[in-house]
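Trainee: Residue strings, one per chain:
2 protein chains.
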Amino acid sequence: MHKRLLLLSNSTNVGEDYLLYARQEIQNFLGASVKKVLFIPFAGVTLTFDAYTEKVGKVFKDIGYEIEAIHRTDNYHQVIKQAEAIVIGGGNTFHLAYWLHKTAIIDIIKEIINNKIPYIGWSAGSNIACPTIKTTNDMPIIEPISFSGLNLVPFQINPHYTDEVIPHHNGETREARIREFLVVNPDVYVVGLKEGTMLKVEGSTIKLVGNQTMRLFKFGEPIVEYDSNSNLDFLLRLFRSE
Amino acid sequence: MHKRLLLLSNSTNVGEDYLLYARQEIQNFLGASVKKVLFIPFAGVTLTFDAYTEKVGKVFKDIGYEIEAIHRTDNYHQVIKQAEAIVIGGGNTFHLAYWLHKTAIIDIIKEIINNKIPYIGWSAGSNIACPTIKTTNDMPIIEPISFSGLNLVPFQINPHYTDEVIPHHNGETREARIREFLVVNPDVYVVGLKEGTMLKVEGSTIKLVGNQTMRLFKFGEPIVEYDSNSNLDFLLRLFRSE
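Taken in sequence, the protein lines are chains A and B. First residue of the first sequence? That's 148 in the working numbering, and the numbers climb one at a time after it. First residue of the second sequence? That's 148 in the working numbering, and the numbers climb one at a time after it.
Since the hints were derived computationally from the structure, they do not count as laboratory data. Among the hints, erroneous ones may be present.
The list makes no distinction among identical chains, and a pair is therefore deemed to hold if it is satisfied within one copy or across any two copies.
[Claimed, not checked] Straight-line Cα separation of at most 35 Å, DSBU-like style, residue types lysine-lysine; simulated pairs: (1) Lys249 <-> Lys365; (2) Lys365 <-> Lys205; (3) Lys208 <-> Lys365; (4) Lys183 <-> Lys365; (5) Lys365 <-> Lys182; (6) Lys347 <-> Lys263.
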């Protein structure tokens, strides 16, 4: 078996039902052999872990999968080792990193995904799949032990990527923020992943899924736009930055 | 002498010259006794520290003050101890915190401001004046040793505060981000400081300066709007959270 990842920019497009745009892709990705997914709700902040699990559980039930939430289990290490698939939802990336590091499960999740089972993440769940969380858009409401992520791909994702800005306001564009990142991290590639799109990794193959292009940023190089027909496999052969 | 702080939301209003809206207030605040200010450009990322210093230096020269940049000096501790006023500009708050902690000057700056000399900050420079940097809007492009700030005021500031959002996009409102912060930090007050406004602290007195209101957030309490006529001194008597 090879590494399998489905990394979504966002859970839900504006005006649509929760996770609607991704349901068919999630079903195709998990297939018929998976019966139950392990859900990690640690990015949730304003919603309780229970309420978050219920919300996600409804969607997964609709497409034929049972859900088990890690916070309701006694032995995190064991439940991860026995998981058929792992799902990490969005929310606040710092909160997610805080709990993954504090509970010391980050390495065991990484190991099992690298060796065996499919991973689905959206928003914070896609950020944490990267070498670090340094390209998140979230507010640092809690201080994690480390900014390191699951390092499942050798590049950074900026989820919810957009070229739009708040009118009459001085906040940086997303591009300007990523350019700041590149100055400090000149060896690292950053994928600007627009809402409604996702990256699908199957072993040494990676594809963009969705109707919008993605933007690839690298220090000192022009920004390149790719679409769902592009061959992106070189992104998996990058040297690992951390 | 008492503690004196001028904490600006932003450097520049849209369409105006650099620091224009704040020049008169900075001049009133520093007065005639200060001749030279010590500038700390560590929040700068896409601009070099030298270029940043030149840009800020021009404005301070226009209003009658010489500028000295800390990165051009040999002994950071000594130059801070001899400073007549300290100025920390905006940029990336994580980059600023990284360098203040790495150079181990954060405590000595705090000490001198608490005891003697005036402090001016904008954007990241206002965030770092708080107990922590946990209410910044910036991307975590570099991992600081700690999220702790100068702790010059016992509450958090969210600079560039706005109620506007990017149209047709799922990013959280600023209010939603601050509400996430409050869930994890229920004892901490957060000031949403809109662009074009600043907080001026003179000993036990604090005033909002500018034509826009500020919003005060606390977990479990309604949001309160204050204007430049409001008595805000209670904000300086809050128990210190960290």
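Trainee: Identify every previously stated hint that the structure contradicts and give their numbers, smallest first.
Mentor: 3, 4, 5
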